[in-house]
Structures are given as structure tokens and as C-alpha cells.
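With the hints as constraints, model all of the structure from the sequences given.
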Amino acid sequence: TIRETLAQSSDWDRSTIKTLLRRLCEKGVVSTTKKDVLYYAPQVSETEYKEYKTERLIDRLYRGSAKNLVASLVAGNKLDKSDIEELRSLFKVGE
Numbered sequence: 003t004i005r006e007t008l009a010q011s012s013d014w015d016r017s018t019i020k021t022l023l024r025r026l027c028e029k030g031v032v033s034t035t036k037k038d039v040l041y042y043a044p045q046v047s048e049t050e051y052k053e054y055k056t057e058r059l060i061d062r063l064y065r066g067s068a069k070n071l072v073a074s075l076v077a078g079n080k081l082d083k084s085d086i087e088e089l090r091s092l093f094k095v096g097e
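Count along the sequence shown starting at 1, add 2, and that's the number in my numbering.
Mixed in with the good hints there might be a few duds.
As the list claims (entries may be wrong) - Derived lysine-lysine pairs resembling BS3-like cross-links, with alpha carbons at most 30 Å apart:
#, residue 1, residue 2
1, Lys52, Lys69
2, Lys52, Lys20
3, Lys55, Lys80
4, Lys69, Lys37
5, Lys37, Lys20
6, Lys52, Lys36
7, Lys55, Lys20
8, Lys83, Lys55
9, Lys29, Lys52
10, Lys94, Lys80
11, Lys83, Lys94
12, Lys20, Lys36
13, Lys80, Lys69
14, Lys55, Lys69
15, Lys80, Lys52
These are computed hints drawn from the structure, not numbers from a lab. No experiment lies behind these values; they were computed from the predicted model shown.
This is the structure:
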């Protein structure tokens, strides 16, 4: 169950989990089907969700500039040489 899965990584109680699921349903991220119990299903893919959250992060913290995000990662030494080479390859494909 969702509760059992979350219990492995958090100490949330049942009411917190129910609140989270209700809010996700209200946002259209999750849907429910009632049979004997409620079944929850995602309405967006993990990739779509990550893209949305990344866009919000860039807008909020980097004034809409992905370049500023990358510059922050470089300045903080968060990228090693292989990361930088992979990014270079991605940029070449995007040209």
C-alpha cells in the first residue's frame, strides 16, 4: 500500500498521507478509482513531473535562466569532468 511504502522512508502518519493524496488529486496529478478500496493512479509521467518542477525551480531561483542554474552547479563544483562532457554532447545535439 501507499502507506506501507511511505512508512519505509518517512514517519508520516495516516492522516498526513491522506492529506497528501487528496491534494495531489485536487491538482490533477493523481486520480482515484473506488472499488472495495480507493486505488490511486498517476496522471502525469515522472518525466513530465520532473520537467515541471525543474521549470519552477529555474523560474523561482534563477530568474528563468537555465544558464544561471548550470553556472551555479559549476561554481559549486557539483559537476565532474564526465558530467561536463555529457552536457557538451547534449548541447551539440541541441544545436
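Which numbered hints fail = Violated hint: only 4; rest satisfied.
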